[in-house]
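Note that the protein sequences, when read in sequence, are chains A and B.
Position 24, counted from 1, in the first sequence is what our numbering calls 24; the numbers after and before it change by one each time, with no gaps.
Just so we're on the same page, our numbering is the position in the second sequence counted from 1, plus 159.
Just so you know, not all the hints are guaranteed correct.
Cross-link-like lysine-lysine pairs, in silico, PhoX-like; alpha carbons within 25 Å at most [claimed, not checked]: (1) Lys71/A to Lys349/B; (2) Lys309/B to Lys194/B; (3) Lys500/B to Lys71/A.
By construction, these hints were calculated from the structure, which means they are not laboratory data.
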Amino acid sequence: MRFSDQFEQRFTEMLTHYPTKRSVLVPTLLYAQDEVGFLSEEVIAEIASRLDLTELDVRNVISYYSMLTTKPRGKFNVQVCRNISCLLRGADELIEHCEKKLGIGHKGTTPDGLFSFEHVECIGACSWAPAVQVNYDFHENLTTETMDRVLDEYRKKVQ
Amino acid sequence: MATLVSHPDEVRIVSKRFGQGATKIDRYLELDGYKAVRKALGMQPDAIINEVKNSGLRGRGGAGFNTGLKWSFVPKQSVKPKYILCNGDESEPGTCKDRLIFEEDPHSVIEGVIIAGLAVGASSGYIYIRGEYRYLLEIMQKAIADAYAKGFLGKNIFGSGRDFEVYWHGGAGAYEVGEESALMESLEGKRGVPRIRPPFPAVVGLWGGPTVINNAETLASVPPIILAGAEWFANLGTPKNGGTRLFCLSGHVNKPGVYELPMGYNLKKMIYEVGGGIPNGRKLKAVVPGGSSCPLLTAEEIDLPMDFDTLMKAGSMLGSGGVVMVDDSTCMVKFALRIMKFYQHESCGWCIPCREGTDWLDKTLTRFHSGGGIRKDIDNIQYLSENMLGRTFCPLGDAAALPTISIVKKFRKEFEDHLEGRPCPFEKKGTVEQLPVFA
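Next up, chain A with everything else stripped away, as it sits in the complex (with noise of 0.2 Å):
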């Protein structure tokens, strides 16, 4: 299977890095999470290969991580952080919203494909709480309304 450019030079730079080839499996499951969308069968027995372990070694560690994931998610994954600081400053009313908003529960995905929802634990933003993340941006100190915002943001991305 085919990865982009990037993926190919960071992989190739990434195993000049460490005395094992298995070091590179974290940052690089997630570098092709980011490409394909999801650790596809295809992608578990590509990366195997190339690291010369077995699909049943990448499973175990795909399951460990909670940031991977082998079932497709929406093109927006709207992380809302539900740990103590942001519970303090309103992570439950945030949740809610959102829920009402998107229609969708925790790990669902909108039928258009364009949003998934998770609840997460704390994702270092505790003083700029409540916080979010989507995909890999910050949104902090948020508001049901500027969570509004935040979701027609993205929504406006792919019009």
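Once you have looked at the hints, place chain B on chain A.
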């Protein structure tokens, strides 16, 4: 991008370049960048270790172990290569300080890694950054590439005849990987399951080689120590607690943010003066002093200096610098439940007391909070928690148990108020207060 704050009581050592464009290497050089490495290249390894040891710098990841002492455990001679591993897997709830260091001053971490390498005789280092911090990984990748381009990394660094390599590494979401042995497993491309100790990483670490693992803030504190000396750094703090640290104020506080304050700064002052007190005319009920794994302090227990030893004596921990304020509108049963749900989610399942303990505690607290609690549950929650302590390979079991025990002990009445099918006294549907946002 995280918002920066300031307060007159701050002593800016680690944060001195924040907001000054120091991610650019030329700017970093103008602001005394890479001077400490140049100085360290002219020092004997033992002299570097002693300087750091005498400075009283203690691990900023939470354990608070003397950094110089940790370095001194690395054997002088080793058949296998030695490594420096920077722990940037910041995941402790309440903690968001390493994020600012990577965002504002990535070269200070690289410099700390090189100095640690010179001290213990390692010739390569890894900077592990949590997967969620993708934009910071990109900042670090650029910083490392710039340092190579200047000849500060690679062969013959600064023309000294010494070689030193620094590599970036990205995670993919796992709290437990912040624990040092799990971090090494993750870097080796495996599940982040902890290793038994001894042997400690200083002797048998990455790929079996002696490895120094330090938190990003710890490493960023090293260059100033090398430049200005151990005595200067030690005098900034309290005895055996040298320097300053980044405190992340969050939760029910008027001015949340990351502030750099001297070690031993009074917690009450931190909350009411630096943090501007509790919003909405509410009263403080409890404080998480150093990230969610620390036992909570009640509002009556906060008049104390924030250093590792005092917090230990007070029955808590200074932890990772995440100070979370909780006001009197908060249900402590719900708070305990939220903490437990986190640890249940993050438990890797390797050690049975943690895997089963967090799961049963989550189930019990969920039922309890929703009104299905029985009196016996209160003691059971404490009993289950106490039986997790010290019975796991990594401290995740302790991290789940300690805050829970403290909440049951200090807020027992709130548990009793939930008994006999009574609804949670703190749930007020439809009257959610909006907290002010500090910008």
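Checklist line | Violated hints, by number in ascending order, as checked against the structure | finding: none
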